[in-house]
Structure formats: structure tokens, C-alpha cells
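Line by line, the protein sequences are chains A and B.
Under this note's numbering, the very last position in the first sequence is 231; numbers go up by exactly one each time.
Under this note's numbering, the very last position in the second sequence is 1337; numbers go up by exactly one each time.
No lab work stands behind these hints, which were simulated from the structure alone.
A virtual CB, placed ideally from N, CA and C, is assigned to each residue, including glycine.
Careful: at least some of the hints might be erroneous.
[Said to hold, decoys possible] Sample of chain B residues facing chain A (criterion: CB under 10 angstroms; computed from the structure):
#, residue
1, Thr1046
2, Asn1049
3, Leu1054
4, Ser1058
5, Lys1065
6, Ile1069
7, Arg1079
8, Thr1085
9, Pro1088
10, Arg1106
11, Leu1153
12, Trp1201
13, Ile1309
[Unchecked claim] Some but not every residue of chain B turned toward chain A, in silico, with C-beta under 7 angstroms:
#, residue
14, Met1083
15, Gly1102
16, Ile1286
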Amino acid sequence: MEYILNGINDAFRMIFSLNAEVLSAVSVSLMVSTVAIFLAILLGLPLGFIIGTNSFFGKKTIITIMNTLLAVPTVFIGLMVYSFICRRGLLGNFGLLYTPWAMIIGQTILAFPIVSALTLSAVSSIDRRIEKTALSLGANKRQVAVCILTEARFAIFSAIIVAFGRVFSEVGISMLLGGNIRYLTRNITTTIVLETGKGEFALGIALGIVLLTVALLINIVFSYLQSKKSS
Amino acid sequence: MNNIILKAEKLRKRLDSGFSLEISNLCFKKGQIYGLVGPNGAGKTTLLNILSLLDRPSNGEIFFKNERISKPNLLTTRRKIHMITENPFLFSGTVFDNIVSGLRFRRISPKKWQGLVDKALEVVGLENFNHRNIRKLSVGESQRVALARAIVLNPEILFLDEPFVNLDRQSICLIEEYIRTIQKSNQTTIIFTTHDFYQAWHLSNQVISLVNGRIVEAPLDNFFAGSPEEENGSCFVRISKNIRIAISQKIDNRCNICVHPEGIVISKQEFDSSARNSFKGVIKSIHAEDGIVRVTIRIDPSIELTTLITVRSYRALKLAIDSEVFAVFKATSVIIF
Chain A
1 MEYILNGIND
11 AFRMIFSLNA
21 EVLSAVSVSL
31 MVSTVAIFLA
41 ILLGLPLGFI
51 IGTNSFFGKK
61 TIITIMNTLL
71 AVPTVFIGLM
81 VYSFICRRGL
91 LGNFGLLYTP
101 WAMIIGQTIL
111 AFPIVSALTL
121 SAVSSIDRRI
131 EKTALSLGAN
141 KRQVAVCILT
151 EARFAIFSAI
161 IVAFGRVFSE
171 VGISMLLGGN
181 IRYLTRNITT
191 TIVLETGKGE
201 FALGIALGIV
211 LLTVALLINI
221 VFSYLQSKKS
231 S
Chain B
1001 MNNIILKAEK
1011 LRKRLDSGFS
1021 LEISNLCFKK
1031 GQIYGLVGPN
1041 GAGKTTLLNI
1051 LSLLDRPSNG
1061 EIFFKNERIS
1071 KPNLLTTRRK
1081 IHMITENPFL
1091 FSGTVFDNIV
1101 SGLRFRRISP
1111 KKWQGLVDKA
1121 LEVVGLENFN
1131 HRNIRKLSVG
1141 ESQRVALARA
1151 IVLNPEILFL
1161 DEPFVNLDRQ
1171 SICLIEEYIR
1181 TIQKSNQTTI
1191 IFTTHDFYQA
1201 WHLSNQVISL
1211 VNGRIVEAPL
1221 DNFFAGSPEE
1231 ENGSCFVRIS
1241 KNIRIAISQK
1251 IDNRCNICVH
1261 PEGIVISKQE
1271 FDSSARNSFK
1281 GVIKSIHAED
1291 GIVRVTIRID
1301 PSIELTTLIT
1311 VRSYRALKLA
1321 IDSEVFAVFK
1331 ATSVIIF
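With the rest of the complex left out, here is chain A (with noise of 0.2 angstroms):
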């Protein structure tokens, strides 16, 4: 238990001493998932909102495939998208493996599924006054669709924090696709993989409680914007 106890001790001295090891882990992630969370929302959320609100032959066979792909595993989406950045896949002249931005599309293909079922899911089940309120009130498609969207704020907030959570913590695409290289796609989860075979627990409990924190602080200002909205 006492390499354990070392390693704690060791990790707080890391974050707080602002170890480069670490900061690099930790802005890499930050980096490379808000990115990808960004182009997920870009994508997902009009997707999700459209397949919501509207009705059309086929809408079913859709929402099954979505769902699906909320169960896709992270190294599948990472082999998929190797085999088309990589040097002799379609893409290959682009360079992309290896560079974050290779995990930014692997993560914006993990996150995009998340945002867009569960966008689609919270549009479903909202009030259906709301579309024939805000036409009544004179509003135009534009304006009506900011009205269902703003009324289902929350739920598509809770979708987008559920979408970072998820390509924050995966380590399947960023190892395929990053290749772990220090100071470059080296981020928090694959520099936990590493330190963990190498023996080494206090670099990576220290990006294990980094990883902690992010989460909590998110869930922070979720509950807090909540808690707003009731009262």
C-alpha cells in the first residue's frame, strides 16, 4: 500500500509544482476534446434537432442506427479512421496520423453520435405546445426552432457535458490515432497507460485526480445552472 500513498504524495507535488509532464497531458486533452466537442455540436446538435422535430419514412431505421452508434468501442472508430489516415489509406496524403488532429476526428466521430441521439432525445420530449405557441406568436422557422432549443437547453446541455465526458476519458482513438508522443499527443489518458506499465503510479494518479477535477468542475456549474432554472 505504500508505493500507493507515495505515489498520491508524489502526484500532488507534480500538479501543484506544475509539472510539465503534466501540464503538456493535461492541455493536450483539453485541447484536442473541446475541439472535437465543438465540430460534434457543429454536426450533431442541428442533426438531432431536425431528425427531432421533424416527421419522414425512415425516421425509425435512423434513430436505431444512432443509438447503435452511442455502443461503438473507441478503438473500432480509431482503426476505421487509421485505416483511412494512414500512409496508404485514402487520406494518407494529408499527414494526419499521429498529429492531434487525428484524434480530434477520431474524437469528433465518438462524441457526434452522443450529442446527436441525445439532442434528438431531449427535442423528442419536450412539449409539443411550444412549436405552436412561438408560430402563433409570429414566429418565423428560425425563431421557432431557438424556441425549442432554448426550452430544451438543459437536456442538450447534460448531452454535451455526457459527449465530453466520454472523449476526455477514451484512450482507444487517442493511442491509435495520437501514437503517445510526448509534448505532442501525449494526453491524460495515454499518459496514465503508460506511467501505469512502466510502474510509475505518480504521474499518473496525478492526471487520474487532474481528470477528476475536470469532471467535477463540470458538473458544478451544471448543477448550479440547474438549480437556477427551478428557482
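Following the hints, complete the assembly by docking chain B onto the known chain A.
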């Protein structure tokens, strides 16, 4: 003709359930109150949704001030009318946020909002409710906020779908008063739905009856117009040369009255009772509807009373067409408006 603000021609709407609404011609005049009445499932809300341009008919045309509604003028016309749905939806936020939502959609300067909101809240008697969260409102208050949200837009036509549902008597009176105020002050055309015939007559200039998706010309049961009379301290309304109906309160002017069909008792013989209205008549029609028997009794060449009795009573009394009976009801059963 120029007074017509809204016109529907050859409207047809088929729903997935198989129900179809078919209206050949329907006109609404400016500044009038219309009551759209009919039983549940008659198509009142479907018709209101189409007239308020929230739903498209399968066939037919709608004209607003003689201008045919089509895609290019849909939004501009929709901004001149407003519909308050049954159990109106209020957006999350405060009363103020809700009332200004229509103004925001129309891009009206925020500088004007507060004055307009205060005025609208004053009309519906909700002064100082500006910053109240909508979650803390009662059903009646929510209905009044929805009305204020409509008032602030000053619509030319205001549609209200079942505005009196789930409200207590006091709230119903208040909403009726606000509807009259809006109509008088702004010359707004008001079209509301209700399943209560008497409320429709009470509030509107014209009642439109809708049954199974079609407009019917059926007169209201036991609805009469007459002049007040007084004799030995008792009050009456004379509805024909030979018939006068005892009422429970003194009135000064010509009025409309009606008697609930359920409030009329049929007997084979005249009997002593506290009921002050007893008329001998002849049964002209008998119809059974869902376990209830509808009996029409002619008490005068031009006057007929409709009563509703149970099948059991109908069998016990052995009623038949052209048989003589007495129709008895209390003066307090007579509704005056």
C-alpha cells in the same frame, strides 16, 4: 362585405384517425365575438388551428381581408392574428419574458417593451407580476398571462381554444370580462371554442355549431327570447302569446333565456310541487342517444321544449309520440342572459 375580416371557403381536412372536417363557407366580421360550439371530437380545435393558420387544410382557401392566404403572406398574416391554445404553454422564465416573446419575434424595440407589458398586465389584473416565475402561477393566472401575451400584440383576430376549461367560476367571469374589454377597446374579432352552448350564447354575437366536422344550423335546445313581465311580485319572461316562463329574478329589458334539458321533469299528470313552470304539451319526437332519451314536447304551436330522461324513466312512463304530458321545471332552472 368589407366588414368581413376572415373567410374560409370549401375547407376540408382529413386526419389520420379518419375524421374529416368539411366547411363549405364561413365568414367572420370585424369586431365580433364568435362562439364555436360542439361536442368533444366535433372538430372545433382542428377548425381553429386552420383558421389561425397554424395548420394547413387538405383542400380549400382562407382569406384575410379578402386576400388569399398563401406561402408569401403566411407569416405577415399570422402576425396579425393570435391563438391561445387550451392549457396555454408558457415559455420557461418570468411573466415578462413570456409577454415580450411576440414582440421579440416581431423585432419591436426593447425600449417599448416595458410600457406595453405594464399596460397588458393591467388589463388582465396582474400588475406587479412582471418578474414572477411562470412555475409559480396558478392555472387561472397562467391563462391571464397568455391573454396578456396576446393583448400586447394587439391582434386583429384572437382565437381562444377552450379558454374556460379547468377554471373556477371566478376566473371564468374574469376571462369573460377581459374578452369583452379586448373586443370593445381594440375592435378585435374574437373566435373561441367551447362545448358549453350556454356560455357561447352568453358571450358571443354569433354561435357556430359544429357536429362531426360540419357546421349545423341546429337551434339550441330550449333557447328563447322574450320580454319581462311581473305579476303579484312574481317575475316572468313572455316567449309567445300564450306562454310565459317564471324566472327567479327581476329583469327590466328584453332578454334571452334557456333551460337545461336535464332540468325539465316529465309527468303524465299535473302535480303540486315547488316548481313554478308547468306546461301541458304533446310529445313530438323521441330519440335515444347513448342510454339517454331525448324527448321534444310541443307546448305551443311555436314553442318546443327538449328534455333528457333515462331509458328507465322513458319505459316507466310509457311515453309515445302525440301523447299528452306535462313539462315541469323550476324558475331557478331558467338561465337569463
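Right, here's what the structure says about each hint:
no.	hint	in the structure
1	Thr1046	13 angstroms, violated
2	Asn1049	8 angstroms, holds
3	Leu1054	6 angstroms, holds
4	Ser1058	17 angstroms, violated
5	Lys1065	17 angstroms, violated
6	Ile1069	14 angstroms, violated
7	Arg1079	4 angstroms, holds
8	Thr1085	6 angstroms, holds
9	Pro1088	7 angstroms, holds
10	Arg1106	6 angstroms, holds
11	Leu1153	7 angstroms, holds
12	Trp1201	27 angstroms, violated
13	Ile1309	41 angstroms, violated
14	Met1083	4 angstroms, holds
15	Gly1102	4 angstroms, holds
16	Ile1286	43 angstroms, violated
Hints 1, 4, 5, 6, 12, 13 and 16 from the earlier list are contradicted by this structure; the remaining hints agree with it.
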